[in-house]
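Turn these sequences into a full structure, and let the hints guide you.
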Amino acid sequence: MKPPSFEYHAPRDLGEALETLAGAHGKVLAGGQSLIPLLNMRLVAPEHLVDINRIESLATVETTPEGVTVGALARHSTVEHSGAHPLLGQALRLVAHPVIRNRGTVVGSLVHADPAAELPAVLAVLDGSVRLARDDATAGAPAVRDVSAAEFFTGPMESAVKPGELAVSAHFPALPERSGTAFREVARRHGDYALAGVCAVVTLDDDQRIGSARVSCIGVGPVPIVVDVTPECDGRPAATADWAAVVRAVRQGTEPDDDIHATAAYRRHLVGVLAGQALREAAREAAAD
Amino acid sequence: MEHEITLVVNGDARRVRVPGRRLLSDCLRHDLGLTGTHVGCEHGVCGCCTVLLDGLPVRSCLTFAVTVDGHEITTVEGLAGPDGLSPVQRAFAECHGLQCGFCTPGFLCTVTALLRDNPAPTDEEVREGISGNLCRCTGYQNITKAVHRAAELLAEET
Numbered sequence: 001m002k003p004p005s006f007e008y009h010a011p012r013d014l015g016e017a018l019e020t021l022a023g024a025h026g027k028v029l030a031g032g033q034s035l036i037p038l039l040n041m042r043l044v045a046p047e048h049l050v051d052i053n054r055i056e057s058l059a060t061v062e063t064t065p066e067g068v069t070v071g072a073l074a075r076h077s078t079v080e081h082s083g084a085h086p087l088l089g090q091a092l093r094l095v096a097h098p099v100i101r102n103r104g105t106v107v108g109s110l111v112h113a114d115p116a117a118e119l120p121a122v123l124a125v126l127d128g129s130v131r132l133a134r135d136d137a138t139a140g141a142p143a144v145r146d147v148s149a150a151e152f153f154t155g156p157m158e159s160a161v162k163p164g165e166l167a168v169s170a171h172f173p174a175l176p177e178r179s180g181t182a183f184r185e186v187a188r189r190h191g192d193y194a195l196a197g198v199c200a201v202v203t204l205d206d207d208q209r210i211g212s213a214r215v216s217c218i219g220v221g222p223v224p225i226v227v228d229v230t231p232e233c234d235g236r237p238a239a240t241a242d243w244a245a246v247v248r249a250v251r252q253g254t255e256p257d258d259d260i261h262a263t264a265a266y267r268r269h270l271v272g273v274l275a276g277q278a279l280r281e282a283a284r285e286a287a288a289d
Numbered sequence: 001m002e003h004e005i006t007l008v009v010n011g012d013a014r015r016v017r018v019p020g021r022r023l024l025s026d027c028l029r030h031d032l033g034l035t036g037t038h039v040g041c042e043h044g045v046c047g048c049c050t051v052l053l054d055g056l057p058v059r060s061c062l063t064f065a066v067t068v069d070g071h072e073i074t075t076v077e078g079l080a081g082p083d084g085l086s087p088v089q090r091a092f093a094e095c096h097g098l099q100c101g102f103c104t105p106g107f108l109c110t111v112t113a114l115l116r117d118n119p120a121p122t123d124e125e126v127r128e129g130i131s132g133n134l135c136r137c138t139g140y141q142n143i144t145k146a147v148h149r150a151a152e153l154l155a156e157e158t
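Quick note, the sequences are listed as chains P and W, same order.
Using my numbering, read the first sequence as starting at 1 and increasing by one per residue.
Using my numbering, read the second sequence as starting at 1 and increasing by one per residue.
Mixed in with the good hints, there may be bad ones.
Listed next, with one range per pair, are the computed distances between beta-carbon atoms [claimed, not checked]: (1) S212(P) with E156(W): 53 to 61 Å; (2) E4(W) with A45(P): 50 to 58 Å; (3) D289(P) with G139(W): 38 to 46 Å; (4) E255(P) with A120(W): 45 to 53 Å; (5) A287(P) with D123(W): 26 to 34 Å; (6) E4(W) with H25(P): 23 to 31 Å.
Covered stretches of chain P (in silico footprint by chain W; criterion: 3 or more residues with CB under 8 Å from a CB of chain W, positions within the stretch not fixed) [unchecked claim]: (7) 7 to 14; (8) 22 to 35; (9) 49 to 58; (10) 92 to 103; (11) 131 to 142.
To be clear about the criterion: a stretch of chain W counts as covered by chain P if any three or more of its residues have a C-beta under 8 Å from a C-beta of chain P, and this derived list gives those stretches [claimed, not checked]: (12) 6 to 15; (13) 20 to 29; (14) 57 to 65.
Don't read these hints as lab results, they were simulated from the structure.
For every residue, glycine included, the Cβ atom is placed at its ideal position computed from N, Cα and C.
Here you go:
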């Protein structure tokens, strides 16, 4: 249970970090709350470890009317207590335990891309994006690209980050007026990864009818699965919507697997129940918005 | 390759040479001889190794010593004051919040920070606050009692 040896790098600023990553293939260390367990259990053995904990300029949470942008070194607890985004707050309370959240980072959770993790689902349902930077010696400034959530999560524990790139921030778009959100999940123990979970965003129109409704489901596919159930809600108010049809659509959209904790059939059942609850809760919140 | 780092542990600056892969938990126990920090699962589940990093509780088994070069660490050895046990420690003793004691250092550090941030937590807030610490002896009832008792003791002190 001790980490394997690696060459340790501690860049002082972003430029130095990108230069290091360009030359040294390895892993980036931010909060380390997923990476260090993997190292301790020897499931990964990177040759180089680039520790970004000294790059204070990445520890940012910026809120604008367009949304919230979270820097690579912003800890879960900082973002949770910033009140920057309602759905981020709801999701972060479900991420592991308070002590883990003091150290873990939001961007780190996205890059780790666990298919049962909460934060990738939030980025996906909001149609957010991740900013990736790489060293560009000829331009004199880092080369930057923004990757949408739909393209960022490429498989279980796999993201679109290429060797040499650093995820420097993530952008979570703000919600329109009259929107509500909710996050529901079932885990074997509080703080564990979920057997299945659903986050929902519902936006009502001027007449309190459902204008749009989306869910993002975790633990039921290789990546967070976004299902747009606006057509099934059929422009009706929440009180008379055909929730059974909505739940069917969500179940059809997912592709859970069996594992030692639950069967695929149970997970599919669960995701439907949770989607029904989360959507109705989000609709109630939207009506109060 | 080894790195020369300085950790301010329980108020004392300690210089130590460590390889990059040295966990903070091992640095405290093996390099600095502070064996009060216990190591249970070594992958962040049990919470026994919780210490305070610049006042915030963190898992020392999920932190590299070299990452926290220059920072302040408080271990269970640093919780007691010159007059003896801290209010949190006294409450755990008074309420039988421990049996074998293996998990206790982690609980004490976690609860010390919890009550600093929230001096009068509800039962639910206590359970959420200690949810990342496992105890195999007590069944947690006496631990939650101890947290409430510690809150009382702290309130009496101020």
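Do the hints match the structure? See the list:
{"no.": "1", "hint": "S212(P) with E156(W): 53 to 61 Å", "in the structure": "holds, 54 Å"}
{"no.": "2", "hint": "E4(W) with A45(P): 50 to 58 Å", "in the structure": "violated, 25 Å"}
{"no.": "3", "hint": "D289(P) with G139(W): 38 to 46 Å", "in the structure": "holds, 43 Å"}
{"no.": "4", "hint": "E255(P) with A120(W): 45 to 53 Å", "in the structure": "holds, 47 Å"}
{"no.": "5", "hint": "A287(P) with D123(W): 26 to 34 Å", "in the structure": "holds, 31 Å"}
{"no.": "6", "hint": "E4(W) with H25(P): 23 to 31 Å", "in the structure": "holds, 27 Å"}
{"no.": "7", "hint": "7 to 14", "in the structure": "holds (count 3)"}
{"no.": "8", "hint": "22 to 35", "in the structure": "holds (count 3)"}
{"no.": "9", "hint": "49 to 58", "in the structure": "holds (count 3)"}
{"no.": "10", "hint": "92 to 103", "in the structure": "holds (count 7)"}
{"no.": "11", "hint": "131 to 142", "in the structure": "violated (count 0)"}
{"no.": "12", "hint": "6 to 15", "in the structure": "violated (count 0)"}
{"no.": "13", "hint": "20 to 29", "in the structure": "holds (count 4)"}
{"no.": "14", "hint": "57 to 65", "in the structure": "holds (count 7)"}
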